[in-house]
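Using the working numbering, read the sequence shown as starting at 257 and increasing by one per residue.
FYI, nobody ran anything at the bench for these hints, they're computed from the structure. For every residue, glycine included, the Cβ atom is placed at its ideal position computed from N, Cα and C. Be careful, since some hints might not be right.
[Unchecked claim] Here are the computed distance ranges between Cβ atoms for each label pair:
#1 Phe417 to Glu324: 22 to 28 angstroms
#2 Ser367 to Cys277: 50 to 56 angstroms
#3 Tyr263 to Lys329: 49 to 55 angstroms
#4 Ala275 to Ala322: 50 to 56 angstroms
#5 Glu405 to Glu324: 16 to 22 angstroms
#6 Asp381 to Glu405: 18 to 24 angstroms
#7 Val393 to Lys298: 27 to 33 angstroms
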Amino acid sequence: METVKTYIGEDNTVTIRCAACGRKKTIDAVEYKTANRELTVKCQCGHSFSVAFEWRKFYRKQVALAGEYIKDKGSDQEVGEMVVEDIRWDGIVLENLGMGGLAFQTNNKNSLKKGDIIHVTFTLDDVRKSPITRNVVVKSVNGRVVRAEFCDNQPGRALMFYMMA
Numbered sequence: 257m258e259t260v261k262t263y264i265g266e267d268n269t270v271t272i273r274c275a276a277c278g279r280k281k282t283i284d285a286v287e288y289k290t291a292n293r294e295l296t297v298k299c300q301c302g303h304s305f306s307v308a309f310e311w312r313k314f315y316r317k318q319v320a321l322a323g324e325y326i327k328d329k330g331s332d333q334e335v336g337e338m339v340v341e342d343i344r345w346d347g348i349v350l351e352n353l354g355m356g357g358l359a360f361q362t363n364n365k366n367s368l369k370k371g372d373i374i375h376v377t378f379t380l381d382d383v384r385k386s387p388i389t390r391n392v393v394v395k396s397v398n399g400r401v402v403r404a405e406f407c408d409n410q411p412g413r414a415l416m417f418y419m420m421a
């Protein structure tokens, strides 16, 4: 059965479109937020398919990029290497680079915790090999897997073009 990925609008609604006949239906997606990520839909034309809801504000791109992070809190400084790549975590694949943040795996054990503000640097695999240097706030840590959000809302030209490619 095919799965269609759909992004939730700001008003928590989603428009589901049947690939077979083109019929559309807009539903309130709030009731599905805590449920399974996929919903099986049967259109009036008889076509069945799965719909996967995406609650993130921004699209995430699958990448495999090397970089480093720096946690600098006075004498509690930590510098480490990281890999921004597809990481399986709690049964889902994190598509790890987006306009709003990233997920990465540290090469070694780390002391990062939720709320830490760290500095990340990595190079995009675009034609220009664009360097990205950003401050991020750690949203969650599971062993060596770290999910973080960019501190500012200015993704920069290189990252914007990279995400569109």
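- Task: With respect to the beta-carbon atoms only, verify the hint that Ser367 and Cys277 lie 50 to 56 angstroms apart.
- Result: holds, 55 angstroms
- Message: Please check whether Phe417 and Glu324 have a Cβ separation lying inside 22 to 28 angstroms.
- Response: Distance hint for Phe417, Glu324 holds at roughly 23 angstroms.
- Ala322 and Ala275 - C-beta distance against the hinted 50 to 56 angstroms: Violated, since Ala275 and Ala322 (Cβ atoms, about 38 angstroms apart) do not stay within the stated range.
- Query: Does the Cβ-Cβ separation between Asp381 and Glu405 fall within 18 to 24 angstroms?
  - Reply: holds, 22 angstroms
- How does the Cβ-Cβ distance of Tyr263 and Lys329 compare with 49 to 55 angstroms: does it lie in that range? For Tyr263 and Lys329 the Cβ distance comes to about 36 angstroms; the hint is violated.
- Item | Verdict for Val393, Lys298 (Cβ pair) under range 27 to 33 angstroms | 42 angstroms Cβ-Cβ, so the 27 to 33 angstroms window is violated.
- Message: Please check whether Glu405 and Glu324 have a Cβ separation lying inside 16 to 22 angstroms.
- Response: holds, 18 angstroms
Of the numbered hints stated above, those contradicted by the structure are hints 3, 4, 7, listed in ascending order.
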